[in-house]
Amino acid sequence: MNNAQGTAPNRPAQSVRVVIVDDHGIFRSGLKADLDASIQVVGEAATVEQAIAVIARERPEVVLLDVHLPGGLGGGGREVIAGSAALLGTTKFLALSVSDAAEDVVAVIRAGARGYVTKTISGAEITDAVFRVAGGDAVFSPRLAGFVLDAFGTAPADIADNELDKLSARELEVMRLIARGYSYKEVAKELFISIKTVETHVSAVLRKLQLSSRHELTKWAAERRLL
Amino acid sequence: MTTALTRPPLVRSTDRVIAGVCAGLAAHLGWPVRNVRTGMALATLAGGAGLAFYAWLWIMVPTADESARRNARRPASPIAPAVSLTPAPVTAAHFTGHAPSAPLWGMPDAGASAAGVRSSAGASGAAVPPAAVPPLAVLPGAGDGAAPTAPWFSVRGVRYGKEILLGTGLLLVAGIMIAQLLGVDVPLGTLIPAAAVLGGAAIAWMQLDENRRAGLVDKTKADQAGGWGRLAAGLALVVAGVLVMVSGSGSWEQTWLALLASVAVLGGVMLVLLPWALKFWRDLEAERSGRIRETERAEIAAHLHDSVLQTLALIQRRAGSEHDVVRLARAQERELRGWLFQDPGKEAGQLSDRIKAAAAEVEDFLGNAVEVVSVGDTAMTEAHEALVQASREAMLNASRHGGGTVSVYLEVSDGRVEVFVKDRGPGFDLDDVPEDRLGVRESIIGRMKRHGGTAAITSTPNGTEVRLGLPARHPDNAEGRL
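Chains S and X, in that order, are what the protein sequence lines are.
Heads up: the first sequence begins at 1 in the numbering used here, then just goes up one per residue.
Heads up: the second sequence begins at 1001 in the numbering used here, then just goes up one per residue.
The reader is advised that the hints may include incorrect statements.
What the hints assert, rightly or not - Sample of chain S residues facing chain X (criterion: CB under 7 Å; computed from the structure): (1) Ala101; (2) Leu149; (3) Arg180.
In case anyone wonders, no lab produced these hints; they're calculated from the structure.
Note that CB positions come from ideal geometry on N, CA and C, so glycine has one too.
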């Protein structure tokens, strides 16, 4: 199953195994009820230690990970990802948060999460996001796209720029449309490209967000408390 | 106190010739400015008394700005009136009294919150440098100088105690000098050292109070250096005074020996008492930080009480109406987010704030969520005001006809502003909108055009998007407002 997922389409053709990590029991059960039947919740955890143990045991395809978690060294979701580093190739992390703080979001994305959604997201949307992440793509909420645009600037990259420190003109266009509330499908239609190409661009942006050594990025995130 | 309160507070006016002292004094006393200025000038001719009085007030009286900043309070919770249908109970009013004037969150030492608690007492004494007062120069006006300072001085404890003390001292000095002028023999050789000792001790003791207040008012403790300087000055005065008094009776050699012996004794005593003093100090610090934590906790409790608990109570009462519950929850979420994450250093009233406020208004009004994502920011101009109004109209339309979550995206880059308002409703054809419907045509398109901006509407069966743009140039001077 794990072998197949790298090329799996974003359709719920098969069930996806998911672990939910959140310290609020009410939220976990609410989320479980909201998720599509094709998503199989194989484990739950409320603390950093529990999460690392459950993820190592169940080896889920996707972990729905709260950014703020008790336990461990206080690193929250970031620490869970770091503690599951060996599985990072096969287990994908989707960050889930009520926090508006850019530093929280950027920290968990840079630790290796494949996407970030807010907790007010609907059941259908989160199901879609889970399949997308399981398929190896990145999930950007409008707010995360806004973070990215703010962090990387809204001017396209020159040839002289470090490739990781700027977004290409096309990536900027995609980010802008996502920030405006467009779905991937709508972005594809608007730009006359395929959904696959949109996904490629979003993944490229995620990679830049994770790998950019742009020193402003961390500083920016720490200084910027709210967007 | 009663007369003081009916008068405007004594502050240095911005309407000034030199430092705004006369204008401030005139406003405070209710006299014409001209008279005060003339009086001051005349007094200056009388042996420079007016000059000294002026200098005294210049030093002691804060400017209007400073005074306002000190009395500034954090505004009350914005959601309380928006959400709660019942008037805030008495306890809430009691709690909001603790609202700090300083940013509450991420406060390293709670000096600021404690200052907030005391802010009503007007802890302005920290700005007063007692050592800077020229004691011999101020003669006749000194006594008066204390009284007008009343309204901005602390009302706790002995009212204006310090001022009265200083004034009395200065009057005493004046009396002695006058007596000497009249030919009375005053034993200056004894009086001056004694006065030095007293003055030094007073300065050192004042330090205790000043220091504490400085710590509360200004958590950066920028005053610390001044405090140490004051302590050193007081110490020097006392030692010099004692030396002069003692040296009158013996030779310098003896005096030095005695001084050495006293220092040795003092050192010994200090060595013995140091551990005890340290322990005492540590206990005091622990108690202080405990009190600070307590204040902070009370602060948070007060806020939660005012906002979250009230909203939860309302939600329970209106559990039947899904629309109301969602609306209340959204409003409360917004308010709490603002409280938790708002960057206190960020300038308020910028374009993004205004767009977010408009979104909040629409959200409250129609109940559908309006998500705002903003990149960049700019200060408001008249054209931006029009943009906010047009955006608000677009959000209202989107929320009313789209019927779901409305996405708003604001981007400011190089002065150019773009706003996108998107919904997922069934869409409409602009040509089908009757001419007399002002919403879209006038409030959005017309308004943007009048301010040199652009407005475009794309509508498909999957949703409608309104795109508003404002070019980079400042419309104040370039673009015509037709």
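Against the structure, the hints:
1. The beta carbon of Ala101 of chain S is positioned within 7 Å of a beta carbon in chain X (closest approach about 6 Å), and the interface hint is therefore held.
2. A distance limit of 7 Å between C-beta atoms decides the matter here; for Leu149 of chain S the minimum to chain X is near 5 Å, and the interface restraint holds.
3. The interface hint given for Arg180 of chain S is met, as the beta carbon of that residue sits about 4 Å from the closest beta carbon of chain X, less than 7 Å.
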